[in-house]
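Colleague: Take 1492 as the starting number for the sequence shown in my numbering and just add one per residue.
Check each hint, because a few of them may be wrong.
To be verified - Within a straight-line C-alpha distance of at most 25 Å, the following computed BS3-like cross-link-like pairs (lysine-lysine) qualify:
{"#": "1", "residue 1": "Lys-2383", "residue 2": "Lys-2491"}
{"#": "2", "residue 1": "Lys-1719", "residue 2": "Lys-1682"}
{"#": "3", "residue 1": "Lys-2491", "residue 2": "Lys-2477"}
Simulated from the structure, these hints should not be mistaken for lab results.
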Amino acid sequence: MRHRGIQAIARRRDGDVAGLRRLALYVLLGLLMLVGCLPASAHGGGAPPLRDYAIDVWTSRNGLPHNSLRDIAQTPEGHLWFATWEGLVRYNGLDFTVFDRSTRPGLRDNGVGSLLVDRQGGLWISDSRGNITRRSTDGQWDVWQRQQHTPQVLIQAMQMDSHGRLWLLFEGKGIGYLGPDGKMVYEAPPKDLPFALNFTKLVVDAQDRVWIGTLDGLVLRDTDGTLKRAPAAWGVGSGLVWPYRAPDGVLWIVGGESLYRLQDDTPHLVHRLPGQIHLTAMLQDRHGDLWLGTENQGLLRISQHGLERLPAGLNLPGGRVVSLREDAEGSIWVGANGGLYRLRETLFASYTERDGLSGDYVRTVLEDAQRTLWVGSASGLDRRGADGRFAPVILHNRGGKPPSVLSLAQGRDRAVWVGTFGDGVMRLDESGHPERTYDSVDGVPIGNIRAISIDAQGVVWAGTQRGVARIDEKGASLPRMEGMPTALITALAHDAAGNLWIGTIEGIRVLRGDTVQYIDLAGLGGGRSVFGFQQIGDAMWISSDRGLYRYQHGVLSRVGLEQGMPVDTVFQLVPDKVGNVWISSNRGVLRTDMGMLNEVADGRAPRLDVERYNEIDGMANSQANGSSGPAALLRQDGTYWVVTAGGLSMVDPLRLQRFRERLAPPAAIENVQVDGAPIHWEGSERNRIEGGRRLAVSFVGLSYLMSERIRYRTRLDGLDSGWVERGQQRSVEFIGLPPGDYTLHVSAAHPGGAWSDSEAVWSFTIEPFWWQRHSVQAVAALLLLAALIALYRFLINRYKTSNIRLARMVDEATRDLQAQTVHLQALNSEKSDLVDRLALQSEAFERQAREDALTGLPNRRAFDETMARDFARSQRSGHPLCLVVLDVDHFKNVNDRHSHSVGDAVLVEVAQVLASACRDSDLPARTGGEEFALLLNDTRLEEAAQVCARLHGLFHDHPDWAGIPDLRVTFSAGLVELDPADRTPKLLYQRADRALYRAKSDGRDRTSIG
């Protein structure tokens, strides 16, 4: 990389008294001008202090081809362009696109020296071999190659004069220009001028004079073409001196550490910077503030806040600041030898240890009656004085270290109460001097004090890990009312009526006098842990681990994830003075409208519109802290302050409107591809695309503040009836568009902002296929009509000829069909009779195969199949299963004494008794001879035994078996329940059979359990 060290020659003038007076006059004029500018800047809502800017950094690790950025430009549509030693870079807020010798379109040389945007919006690019390239607004690239008489060196700077001449600064070789006619003119410098030591700055003023900076004074080309040194009487020095023309047209001269403003062709000293500072770049922004780049001391700014430097400790690209640019949104871009960085205003300002806080892990913040800000963190307690500086409050726990502060409150006596992590409750006077500590010795339980609330009588209520502690002039105590919580307290607040609201990890208690009310959140959305209370009007808003709850007129309502809240857990709700509601959470600060919040809570609106803010908006850390108090507040000046895991953050809601009123990002089409191949789409000519192609269009919203959050919408005239919202999608694809003319509109918007009026528009035509052309379709229609007429005539003749033949064939076929119909009807009648007989026979066979012919009960085959099925089901499900095997006692005697027909009648009646005593789920069966079985599903052994006892009773009560007076029939039974040892149904049956044997052996007419 080409680099020349800057030799700063600080020359002090030795003069007479008149010279000193003149110098003093210049200084006085400069100071008066600066003071005169400050009120305008302040009243105009000037820029915030430099420390409040957010800084973003890009290097070659982020997509830059080279870390040294020689120049920065922004074209009218919004793209940013960077000149590097490895090509020209275009940036859209998300992606870097590099143009070099390897790309098409491309450059003649990779080393880009300078950039210039002309009045028509074209971008001029110079390179290290003396070539000039212009990219027009329609994407066309034109090149003016170095001519034989011009130096083949780096063109360090370019400026356009009122005649359309592009002035060029050749490194170490003088100047020249490219005329409107395309001819390049080179003006060789006189030997007595220090062009061999020229610096990188060239300026054309309103009179078309050309000013050139060098390491040995300032050189001027007058309107008559004369090159000369700046007059020594100007007193701007003879070392490093260079010009800068501000956007308002004022010419500045930088000489050493001094800044001069040219008025009436005389430089007036405005600023003299302290120390040996080598200035290398300058920018006047829209507020009138001056940004100054240096050789090795980073970036400076002169504003209403004085001379400012960036805070120490920032890991910014080092080396010389080569280029500065303010973009259309007011951000400052800095090109250095070590990379690119950008300073942007953010909605939030943050304070950390760097600003004097004792620690970055902030837990609570309080504004007292004197508007002093108290900040509690894991590292102690701090106060912010009237000068805006933080100072520690000297507190020590018993170990001699600062306590971890979890909660703060101030009473009417202006005493400040401090809740700590394990060190009790401390009372301080309004100046921060400790007065007393309440701990376990005084009756305050050991542990965390996460919340403090002071009632109208000055009684202090402190939330501990064992309930609520009450502190008054008598000391500390734990109220013992029924219903008071006895575990961790996470939030406390007194409402307007003096009731104490108590948040716990198990819902809410409200102390109303001597009565404790319990409010259950779990029944509505599952809320459990409560982190904060905020009374607004007659409603109490509750922050919890399931969103927001509102308790109003005894009715609880909820606004959570289902209603559009982007997170579950929220810590503190704070309304501001302009209608906003700010809600802290683990995932940033949420903002919505109070009216909309009530509408959703009332059920009058389905969802909540919420904007979320995090580090990109200036927050020290997106993780806001909760379960401490206050975790956020609205100060008397209207600013909102919130504690985070990375420091203390604040926002002025009045600035929110300014941020939201920023112009919507202009939309720009990035590229167009047809079937995956890029096409040149820019220009006034309408693109014509063959039909049936896949068309993909990529676009972007050219904002550099919230690039990732920009929303898009598209409308394709010729297809869409209205806008189609695309969310954050940056491309759209069309497949198989019908032939016709189309115009694609793309619009962009910031989150919550209006849609941009600056749309990206691209018109194109889809060409029809050859068969879709009107001429081809007309010829085809005529041919089709002629063919139809010929076909019609042919078909008419054919119809007449075949009509006679068809009538004859119909008569013959009718006679055949009538004969066949009679035959088929006879066959169908025979088939129906046969089917009926087969069905009856099949039913009889099925019944014979599975049913006992005598008793009508299932037979042994059917019983075995059912028992196998129920056995497997009971083993799978674990449901109980019992088996009863029974045998009619002395049945042989019945047959011998009364005949076999009487025995059969007895068996039939036994079957009827068994069937009548069984449930639908039970299975009675005759398994052979006088032996029967009962399969009892879902029946325990005790229940089965009762069934058997009932059967014995039925048998005993049965009169006149088989119609034989005094004939008594009994049975013996074996009962078993399915046991894990019964691996098969057979084993279960064998156990029942053995139990039956025991019943017979024991005297019959009984049931034995196996």
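Colleague: Evaluate each hint against the coordinates.
Modeller: We went through each hint and held it up to the structure:
no., hint, verdict
1, Lys-2383 with Lys-2491, "15 Å, holds"
2, Lys-1719 with Lys-1682, "11 Å, holds"
3, Lys-2491 with Lys-2477, "21 Å, holds"
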